[in-house]
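K.L.:
With the sequences and hints as input, model every part of the structure.
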Amino acid sequence: SQQGEEDPQALSIQEGENATMNCSYKTSINNLQWYRQNSGRGLVHLILIRSNEREKHSGRLRVTLDTSKKSSSLLITASRAADTASYFCATDIDDGLTFGKGTHLIIQP
Amino acid sequence: DTAVSQTPKYLVTQMGNDKSIKCEQNLGHDTMYWYKQDSKKFLKIMFSYNNKELIINETVPNRFSPKSPDKAHLNLHINSLELGDSAVYFCASSQGDGSYTFGSGTRLTVV
Numbered sequence: 007s008q009q010g011e012e013d014p015q016a017l018s019i020q021e022g023e024n025a026t027m028n029c030s031y032k033t034s035i036n037n038l039q040w041y042r043q044n045s046g047r048g049l050v051h052l053i054l055i056r057s058n059e060r061e062k063h064s065g066r067l068r069v070t071l072d073t074s075k076k077s078s079s080l081l082i083t084a085s086r087a088a089d090t091a092s093y094f095c096a097t098d099i100d101d102g103l104t105f106g107k108g109t110h111l112i113i114q115p
Numbered sequence: 008d009t010a011v012s013q014t015p016k017y018l019v020t021q022m023g024n025d026k027s028i029k030c031e032q033n034l035g036h037d038t039m040y041w042y043k044q045d046s047k048k049f050l051k052i053m054f055s056y057n058n059k060e061l062i063i064n065e066t067v068p069n070r071f072s073p074k075s076p077d078k079a080h081l082n083l084h085i086n087s088l089e090l091g092d093s094a095v096y097f098c099a100s101s102q103g104d105g106s107y108t109f110g111s112g113t114r115l116t117v118v
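Residue numbers (my numbering), protein chains in the order written: chain A, 7 to 115; chain B, 8 to 118.
Honestly, the hints are just simulated from the structure, not real lab data. Small disclaimer: the values here were computed from a predicted structure and weren't measured. Just so you know, not all the hints are guaranteed correct.
[What the hints assert, rightly or not] Here are the simulated lysine-lysine pairs, DSS-like style, with alpha carbons at most 27 Å apart:
#1 Lys32/A x Lys47/B
#2 Lys48/B x Lys76/A
#3 Lys32/A x Lys48/B
#4 Lys47/B x Lys76/A
[What the hints assert, rightly or not] Computed footprint of chain B on chain A, listed as stretches where at least three residues anywhere in the stretch have a Cβ under 8 Å from a Cβ of chain B:
#5 13-27
#6 71-77
[Unchecked claim] Here are some of the chain A residues that sit facing chain B, going by a computed Cβ distance under 7 Å:
#7 Leu54
#8 Ala87
#9 Asp89
Note that CB positions come from ideal geometry on N, CA and C, so glycine has one too.
P.N.:
Structure, rendered in structure tokens:
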């Protein structure tokens with residue numbers, strides 16, 4: 007079964023707005039990662055947050071992790087049309103990544 | 008240079024055929040993986056392999072077999088292809104520090 011569950015499944019916002027995606031998982035993890043996948047393309051690693059970290063920033067990305075609630079959020083600020091993609095959270099336990107179902111983000115120009 | 012490369016990028020084949028997808032990484036990573044992404048974009052791990060151990064996701068049919076001629080390569084061989092095998096297959100590698108590098112994927116279509 008999927009370890010992570012993202013919500014929403016789909017999100018459509020106007021360019022310039024902020025986009026927030028959430029991820030919940032079930033078991034203890036070593037770290038949690040977020041990936042982007044443009045349509046028909048491969049997976050691009052965005053950010054990794056370790057289990058002992060609570061927040062991490064990378065450019066316009068902000069990731070939070072709440073291990074007590076087994077949840078994470080990805081915030082993309084000042085969204086751009088090029089941010090249109092599917093975003094996946096993935097938990098790293100010991101034997102590879104387990105992915106969530108993804109959030110499809112559409113940025114309207 | 009591409010860190011994790013897969014070939015072919017696209018593969019169209021008939022049911023019942025046997026095919027292989029190749030994966031090579033030049034990162035010196037110890038562990039390699041195969042993932043399957045289905046038509047609903049669900050990504051599932053199929054195998055993880057390092058020079059000591061092969062771990063197989065129990066849901067993977069035994070028609071799928073990874074073959075590793077050396078540490079830098081993990082090829083995926085599929086016997087008796089079925090329509091349901093149509094998907095995008097991603098190879099990845101990791102050094103065990105939490106960072107993973109993915110290949111660009113192989114889109115397999117079984118007709």
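K.L.:
For every hint, state whether the structure bears it out.
P.N.:
Hint check:
Proposed proximity of Lys32/A and Lys47/B is supported: the alpha carbons are some 21 Å apart, at most 27 Å. Taking the CA atoms of Lys48/B and Lys76/A, the gap is about 23 Å. The hint holds against a cut of 27 Å. Between Lys32/A and Lys48/B the CA atoms are separated by roughly 20 Å; this keeps the pair inside 27 Å, and the hint holds. Taking the CA atoms of Lys47/B and Lys76/A, the gap is near 24 Å; set against the 27 Å cutoff, the hint holds.
With a cut-off of 8 Å between beta carbons, the region 13-27 of chain A has 0 residues touching chain B; three or more are needed, and the interface restraint is violated. Figure legend: the region 71-77 of chain A, annotated as covered by chain B; annotation inconsistent (0 residues with Cβ-Cβ distances under 8 Å, at least 3 required). Of the supplied interface hints, the one on Leu54/A holds, with its beta-carbon coming within about 6 Å of a beta-carbon of chain B, less than 7 Å. Taken as an interface hint, Ala87/A does not check out: its beta carbon lies about 21 Å from the nearest beta carbon of chain B, beyond 7 Å.
With its C-beta approaching chain B no nearer than about 17 Å, Asp89/A sits outside the 7 Å limit, and its interface hint is violated.
Going through the hint list in order, the structure does not satisfy hints 5, 6, 8, 9.
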